[in-house]
Every structure is written in structure tokens, then in C-alpha cells.
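Asks: Chains R and G supply the protein sequences, listed in that same order.
Adding 348 to a residue's 1-based position in the first sequence gives its number in this note's numbering.
Adding 6 to a residue's 1-based position in the second sequence gives its number in this note's numbering.
Hint data in this document are derived by calculation from the structure and do not stem from the laboratory.
Here a beta-carbon is modelled for each residue, glycine too, at the ideal position from N, C-alpha and C.
Incorrect hints may appear among the rest.
Below 30 Å or equal to it, Euclidean Cα-Cα: the simulated BS3-like pairs (lysine-lysine) are [as the list claims (entries may be wrong)]:
id : chain 1 : residue 1 : chain 2 : residue 2
1  : R       : Lys372    : G       : Lys30
2  : G       : Lys31     : R       : Lys372
3  : R       : Lys373    : G       : Lys146
4  : R       : Lys373    : G       : Lys69
5  : G       : Lys52     : R       : Lys376
6  : G       : Lys30     : R       : Lys438
7  : R       : Lys373    : G       : Lys61
8  : G       : Lys205    : G       : Lys146
9  : G       : Lys31     : R       : Lys373
10 : R       : Lys434    : G       : Lys205
11 : R       : Lys372    : G       : Lys34
12 : R       : Lys372    : G       : Lys52
13 : G       : Lys34     : R       : Lys386
14 : R       : Lys455    : G       : Lys61
15 : G       : Lys69     : R       : Lys376
16 : G       : Lys31     : R       : Lys434
17 : R       : Lys372    : G       : Lys61
18 : R       : Lys365    : G       : Lys31
19 : R       : Lys365    : G       : Lys52
20 : G       : Lys31     : R       : Lys438
21 : G       : Lys30     : R       : Lys386
22 : G       : Lys146    : R       : Lys376
23 : R       : Lys373    : G       : Lys30
24 : G       : Lys30     : R       : Lys376
25 : R       : Lys376    : G       : Lys61
26 : G       : Lys61     : R       : Lys386
27 : R       : Lys376    : G       : Lys34
28 : G       : Lys146    : R       : Lys386
29 : R       : Lys386    : G       : Lys69
30 : G       : Lys69     : R       : Lys365
31 : R       : Lys365    : G       : Lys138
32 : G       : Lys69     : R       : Lys372
33 : R       : Lys434    : G       : Lys45
Counterexamples of contact, computed for chain R against chain G with all Cβ distances above 12 Å [to be verified]:
id : residue
34 : Phe361
35 : Ile367
36 : Asn456
Reference excerpt, derived from the structure (chain G facing chain R, CB under 8 Å, subset only) [what the hints assert, rightly or not]:
id : residue
37 : Gln94
38 : Glu221
39 : Met253
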Amino acid sequence: MAAEAARKGITAFNTIKNIISELKKIDKTFTPASQQYKYLMEQMRADQVTTRRYSKAENESESVAKLYLSYLQGNRRLNALQQEYKGGEKSIEESARIVGLKLPEKKNF
Amino acid sequence: MASKIIRRFAQNQAASASALSKPKKFYKEVSVANEIDEKTGNSIHKVLLDHRVLKTQGGQVLKLNSYPLALAIAEEWSSQAEFLQLGQMRLTGLAFTAQDNPLEQTADTISQKILDYVDGDTVLFFNTESSKLHRYQEEKWAPLIKNLNSDLGTQVRCSESILDCDVASQTDKDKIDRWIRQHNFPALVGLQYATESVKSFIIAYNAIRHHIDAETAVDAATLEQRTQAETWGNVEWAHGLEREELMTRLSAACLFVYFNSNNFTSKTI
Numbered sequence: 349m350a351a352e353a354a355r356k357g358i359t360a361f362n363t364i365k366n367i368i369s370e371l372k373k374i375d376k377t378f379t380p381a382s383q384q385y386k387y388l389m390e391q392m393r394a395d396q397v398t399t400r401r402y403s404k405a406e407n408e409s410e411s412v413a414k415l416y417l418s419y420l421q422g423n424r425r426l427n428a429l430q431q432e433y434k435g436g437e438k439s440i441e442e443s444a445r446i447v448g449l450k451l452p453e454k455k456n457f
Numbered sequence: 007m008a009s010k011i012i013r014r015f016a017q018n019q020a021a022s023a024s025a026l027s028k029p030k031k032f033y034k035e036v037s038v039a040n041e042i043d044e045k046t047g048n049s050i051h052k053v054l055l056d057h058r059v060l061k062t063q064g065g066q067v068l069k070l071n072s073y074p075l076a077l078a079i080a081e082e083w084s085s086q087a088e089f090l091q092l093g094q095m096r097l098t099g100l101a102f103t104a105q106d107n108p109l110e111q112t113a114d115t116i117s118q119k120i121l122d123y124v125d126g127d128t129v130l131f132f133n134t135e136s137s138k139l140h141r142y143q144e145e146k147w148a149p150l151i152k153n154l155n156s157d158l159g160t161q162v163r164c165s166e167s168i169l170d171c172d173v174a175s176q177t178d179k180d181k182i183d184r185w186i187r188q189h190n191f192p193a194l195v196g197l198q199y200a201t202e203s204v205k206s207f208i209i210a211y212n213a214i215r216h217h218i219d220a221e222t223a224v225d226a227a228t229l230e231q232r233t234q235a236e237t238w239g240n241v242e243w244a245h246g247l248e249r250e251e252l253m254t255r256l257s258a259a260c261l262f263v264y265f266n267s268n269n270f271t272s273k274t275i
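All chains should be built: construct the whole structure from the sequences, respecting the hints.
Replies: Here you go:
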């Protein structure tokens, strides 16, 4: 029982560590002085106690931490994909070149 | 809706008329301010952008009961780059919707909308045409139905015909309705958003009750598509994007429900 709780504590601990590293990636103002950082640290310390005493589901705190991690990672990957595949209109010259055509030369009078 | 937000947050942006132009980030520091509500004695959390208080589209000051939720919303604002991606700030969006209630929803209308999903729930209709897909459905969907039934004492069953209209009996629906109505209004908004994003009450339920993580939930919601992709290949710019978007929508909604239903999370332990 104690070993089980300790194991869960460790998993939640790792998830929170991952959250912190995600936040560092996306937010330049994220430092140990941030409110978020302090809160996460507090959770990490309190986790082993709260997991056993207050949780409705036995894996609750770990599950919530994982949800937040999924949310952050999903957003970061979504941004990366959007960046990679972002469209943008092609100019007439470019479109012509794709189908092997060339625009007539522009003449300035 | 987006254009409304843009107007509100970027009044100095002349280009806000176009849907393609994004408002610039107009603040440097984001923080959370804690106050005590004089009427109720509960603590209230507000998000500050520099020294301005974050307001909803309806023009009200955004007030949150949960401190971690306020932190997560603040994080959405502070992790923005040069331009604001308002559409990606799902928790902010949910909090605005819950506070402004633009569609004038009530617990009744939301609970009815969620219940409507049960009759046509994605995970209740198995396909017999492809044996591979059917095997996956037995593997991934059946446990989700079992979780719901054993938690709520219902007898919701799966069906192999899409014409079946009694997958959940009236008693089952009453029980589910009672579970839905335990939630306060903001949590209901989150529950509806979760259900609509994965097109399934049962998947949303399992994720919210911590039976499965967001990854597993999204896998279950896109089971058929993923099975097809095994044969025909995956198209990253379509399937990948959709998957990540679903992931953010579902995980944000589950967090929103959690933080609004568990007030102890707002107190220091």
C-alpha cells in the first residue's frame, strides 16, 4: 500500500517535472519566481499526502497533472504543425511556374 | 466571436477587421491577483495583464474560484508570442463562456444536449464490416462502456446496428442525467465542450473520471480513422492537426470541469 502510494507519487512527480520543462519551452517569462512554478512545487511536495488522503479517485492528482501536460504538449505540437504547413497565397508568377508556364515579360514604358 | 475578442483586446490595432490578422501581444507581465469576495467570503482570483484586469468579451471582470485554473489561464496569456492566438486559449475561452453565458444556457439545456449524445454515442455503435476495426472496438470501446455502467449502475449497451435507438434505456438516462446535474454551471460548460469535442459522452465521462488519459480518449474517439490510416497512411497536415486540436480541446475541457468541481484545490493545504 505504502509502496503503491510512493510509486504514484513518483509518477506525478515526473509529470510535474515535464510540465515545468514544457512551460520553459513556451513561456520566456517562466522562472522559479513565477506563481505557476511555486504552485507546481507546492503540489509536488504535497502530492504524496494529498494523493492518499483527499483524492476521490486514487490516481487523481497524477491524472490531472497528465491532463495539463497533454494540453501543453498538444498546443505546442499544434503550433509546430501549423507553422510547418501554413499556407499563404502564391503570386501569379509562382502559380504559373508550377504548371510550367511563364508570364510575359513586363515592359516599362 | 473571434472578431469581438480582437476588438476588445487590441483596440490599438487598426487591422483588426480581417479575420487573418492577429492582435499583437500588448502586455509584458501576467499575474494572478487573489481577493476575498465580500458577499460570500470565498476567495476570488483575477488575471492581470500588466496592471489591467482581464475582462470577458461581455465586458465583465473575469472572476475565477479556482486558483490553479487562474494560474493556467494566466499561463495561456503569458506563453503567447508576438501575436495572440486567441483561438488556442481554450481555458480562457471556456472561462469566458461560463461567465458570460452568451447562448443563455441553463443546467437543463446543457444536460439535455449532453444526453442527446448518449443515443448516438460514438463508442456504442460497433462496425461488423471490418473484422480488424471490430476487434479494435471490442478492445478500446467496450472497457469504456463497462466503466460507465459500473460507476453509475446503468445498463448502457453497445449495438451493431446504427438504427438501434434503445442503447440506453430511460432509467439509464435518468441516472446519467443525475450525474450530470451534480456539476455546477461552469463545470457543465466544460462537460458539454468535452462531449462535443470527442462526439461522445462516454469518452468524455471516462476522461473526466480519471479512468483514461487524454491520449487514450483521443485514440478512442478517432479509432476508425486510425484503423483506416493503418491501411492507407496518415496525412500529417490533416490527421496530425486534427489529433492535436482534439487533444487540446479535450484536455482543456477536462481540466476545466475538474477545477470547477473541486473547490478544495483552491485552498492551501
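Asks: Next, verify each hint and record whether it holds.
Replies: Here's how the hints hold up against the structure:
no., hint, verdict
1, R:Lys372 to G:Lys30, "holds, 21 Å"
2, G:Lys31 to R:Lys372, "holds, 19 Å"
3, R:Lys373 to G:Lys146, "violated, 33 Å"
4, R:Lys373 to G:Lys69, "holds, 28 Å"
5, G:Lys52 to R:Lys376, "holds, 22 Å"
6, G:Lys30 to R:Lys438, "holds, 25 Å"
7, R:Lys373 to G:Lys61, "holds, 27 Å"
8, G:Lys205 to G:Lys146, "holds, 16 Å"
9, G:Lys31 to R:Lys373, "holds, 18 Å"
10, R:Lys434 to G:Lys205, "holds, 27 Å"
11, R:Lys372 to G:Lys34, "holds, 16 Å"
12, R:Lys372 to G:Lys52, "holds, 23 Å"
13, G:Lys34 to R:Lys386, "holds, 20 Å"
14, R:Lys455 to G:Lys61, "violated, 55 Å"
15, G:Lys69 to R:Lys376, "holds, 26 Å"
16, G:Lys31 to R:Lys434, "holds, 21 Å"
17, R:Lys372 to G:Lys61, "holds, 26 Å"
18, R:Lys365 to G:Lys31, "holds, 28 Å"
19, R:Lys365 to G:Lys52, "holds, 26 Å"
20, G:Lys31 to R:Lys438, "holds, 28 Å"
21, G:Lys30 to R:Lys386, "holds, 28 Å"
22, G:Lys146 to R:Lys376, "violated, 39 Å"
23, R:Lys373 to G:Lys30, "holds, 20 Å"
24, G:Lys30 to R:Lys376, "holds, 17 Å"
25, R:Lys376 to G:Lys61, "holds, 24 Å"
26, G:Lys61 to R:Lys386, "holds, 25 Å"
27, R:Lys376 to G:Lys34, "holds, 11 Å"
28, G:Lys146 to R:Lys386, "violated, 38 Å"
29, R:Lys386 to G:Lys69, "holds, 21 Å"
30, G:Lys69 to R:Lys365, "holds, 29 Å"
31, R:Lys365 to G:Lys138, "violated, 38 Å"
32, G:Lys69 to R:Lys372, "holds, 27 Å"
33, R:Lys434 to G:Lys45, "violated, 49 Å"
34, Phe361, "holds, 17 Å"
35, Ile367, "violated, 10 Å"
36, Asn456, "holds, 32 Å"
37, Gln94, "holds, 6 Å"
38, Glu221, "holds, 6 Å"
39, Met253, "holds, 4 Å"
Checked against the numbered hints given earlier, this structure breaks hints 3, 14, 22, 28, 31, 33 and 35; the rest are met.
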